[in-house]
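Work out the full structure: start from the sequences and follow the hints.
One line per chain: the protein sequences are A and B, in this order.
For what it's worth, the numbering used here labels the leading residue of the first sequence as 1490, then goes sequentially.
For what it's worth, the numbering used here labels the leading residue of the second sequence as 40, then goes sequentially.
Check before you lean on any hint, since a few could be wrong.
[Claimed, not checked] Label pairs and their calculated CB-CB ranges: (1) A/L1741 / B/A454: 48 to 58 Å; (2) A/L1519 / B/N63: 29 to 39 Å; (3) B/L157 / A/S1724: 33 to 43 Å; (4) A/Q1675 / B/A93: 50 to 60 Å.
To be clear, the hints were calculated from the coordinates, so they are not data collected in a lab.
C-beta atoms are modelled at their ideal positions from N, C-alpha and C, and glycine is treated no differently.
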Amino acid sequence: MGNNRASFISNSSMRQFIIRFSMVSLLLALTVGLLVTFNYWRTQCFIAQHQGGTIILGDSHAATDIHPQILNASNFAHTAEPLLATSKKLEWITKKLHPDTILLVLSPNNFAGYNDFKFSNKQWSSEMAKRYYPLFPESFWTQYTDPLTAQVNSYRQQLLPKPSGRPAFIGKFKPKPIQEKRNDIQKTLNRHFNPKYPAISESSKLAIETIKNKCETERIAFLVVIAPLLPEYKSAIPNQVLQVFNAITAKLDVISLNIELPDSNYYNADHLNLNGAETFTKALRAAISEQMIR
Amino acid sequence: MLFNSLSFAVFLPIVFALYWALSNSLRSQNIMLLAASYIFYGWWDVRFLSLILASTAVDYLLGQNLAIATNTLKRKLLLTASMFFNLGLLGIFKYYNFFMENFMEMANIIGFSTNPTLLNIALPVGISFYTFQTMSYTIDIYRNKLGPTKDFIAFAAFVGYFPQLVAGPIERASNLLPQISKSRYFDYQKAVDGMRQGLWGFFKKVVIADAVAPLVDQAFGDPNGYSAIALIAGALLFSIQIYCDFSGYSDIAIGISKLFGIDLMQNFRTPYFSRDIAEFWRRWHISLSTWFRDYLYIPLGGSRGATLLKIRNTFAIFIVSGFWHGSNWTFITWGLINALLFLPLLLAKQNRNNLNNPEIKDLHRILLTFSITTIAWIFFRADSLSHAIDYLQNIALWNEGKSLSIKPTLIACVALLFIGDWIGRKHDFALNTLSEGVLSKSTLLRLTLYMCLAYLILLYSGEQQSFIYFQF
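Quick look at the structure:
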């Protein structure tokens, strides 16, 4: 009798526990579902707002040096973005936003070997996964150490309410403050052209071809601008990288700019500050108009 | 298997369902618990199972023999055999290389050239925890404080009980074994308490400890490159990291155990609200502190006897406690610093001043104790003594350098932790306050709190990090 009673109590309290736990879990799932739906809706709004026009792409050079309002364009560049990711991003952009013009900002370091390791290097891989997970197929991530972490990281992005609707792989204009930090030349050179990596990035060479072909196929004007660099930094770039860079850009529609920026326009070795970005973008706007007239 | 892993998220509900489905038969339930514990432990490395099995078998047999032995010499021999075996395991796996390396250095200093063989073996996870647990069982039988169990399955389940197997709390046989040896019924309130404690533990581990870890790694990885302020921030963050990591694990372990109807001992009682170092040691890693108190400090004489004896005993317990954490001079130094901080209180008979709960008027003493503890933690975190000294030197010289980028969301979460801990300081864990006061009456408020914590855990649970105390 006693046992039956104990068993009955335990069963009913277990049922109560499971029901309550399921309800709390359900509520949590509902909250997460609402957040995901909200983010999806905002992303659709973002897509609707950015139809057509000019889109600026590239890495931190594009993100800091090109003021989108001056060009009446959208700056979707992302810090440390390898060209491989840019090419994948372009596929999404052409499918969803149908732009008229793509303006790609290039610098010699975009073709340096360290770019090939951004998805496997410990320092960068986690960030790359967070941003670019939806752009690459599952098989791409399985090449790297922990595809599950990459997947979880990416889905976690969906849990943050994003009123802007901007997908994680779409960057934005990030002006640098007007202050001197130009003593980082050697550090930047070491990072960009680290001898522990191969000199040239094979993935970047392939990616630039893909970007060019995609623009041609989709009938999108493809313009390239070379990022302004501090002369001391520029002169120290390894010859091998410069040669590849020059050979690649020779085949592209590069906008030539006759502008010499003073050192005070630079934030550091390879990025402009806000004043520099404004001056440079105005010169770029003039050059694009001139090129169009011709 | 880590608590914060997907595999554990699958493992736990399966074990929970099977465990309670077998509640009509205690033996089947214990076999199930043991199998689950061995799967949990073997998930790291199946080879580790042989060690835990050996430790279990040896202490089970010695315990049986101790109970029937009447001859004092024989009893002593049996106890020595248990100590020899368990400490031998620790000696081989944890301390052998340390002693050999130091022996080589000493020999080189005095002009001898030696080249002893070093072992290239992995340290089995949690070995320091379960060996201490089995030793306490044998010692308690030797002291006639505990009778041996005849049920090998129950004993093996006690040694290998998965919630606390790899990082404690270090349970005493007198607390855990009787619970495993008798029938258990599902208790709704206990299970709810367990869920709350686990939730708070996950919050501490996933949201705070794992988010703080990269910042701590940055500061300790390059003490010459960071500014003094960044290094101070790095040290403070490590204090928070180790507390959240370890007490987070304990909360999860205790919480999970409550789901199985088993109570584990409290391991942390808001230690950073301590008003002096003696109080800190009554609130930090309680299961280890009390283990050393009962099995080392008191047998040595404790705080009784001549002043010199008290000093010896204090240094013994703190140095051994430091050494328990790992075979590195940094841990020994950390123990030594704590001994030096504790000793004045002991000698002035002020080591048991603060037995009540702290209040807001004690804030200055709480901050002082926290600062002192943080300085000691620098030695605990550093890779070597020179690294720790380098770190402190860079703070003292007030060097300029890089700064740490601490996100405001992290600061908000740390603030939430301390507010929660402060409100819950009179309870076993912060969320236990939900069973009384305004929150106990408002389901909506409680639910909102659960949702917020669960949401934060989901948000931060991308990259699973191991628990710091697994290495000990």
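Practice task
Confirm or reject the claim that A/L1741 and B/A454 have a C-beta distance inside 48 to 58 Å.
Solution key: holds, 52 Å
Exercise for the section: Hint says 33 to 43 Å; check whether the CB-CB distance for B/L157 and A/S1724 agrees. Expected result: Roughly 50 Å apart at Cβ, these two residues miss the hinted range, so it is violated.
Problem - Status of the given 50 to 60 Å range, CB of B/A93 versus CB of A/Q1675 - result: With a Cβ separation near 57 Å, A/Q1675 and B/A93 satisfy 50 to 60 Å, so the hint holds.
Practice task
Starting from the range 29 to 39 Å, see whether the pair A/L1519 and B/N63 falls in it by beta-carbon distance.
Solution key: holds, 36 Å
This entry does not satisfy hint 3, going by the numbered hints stated previously; all others are met.
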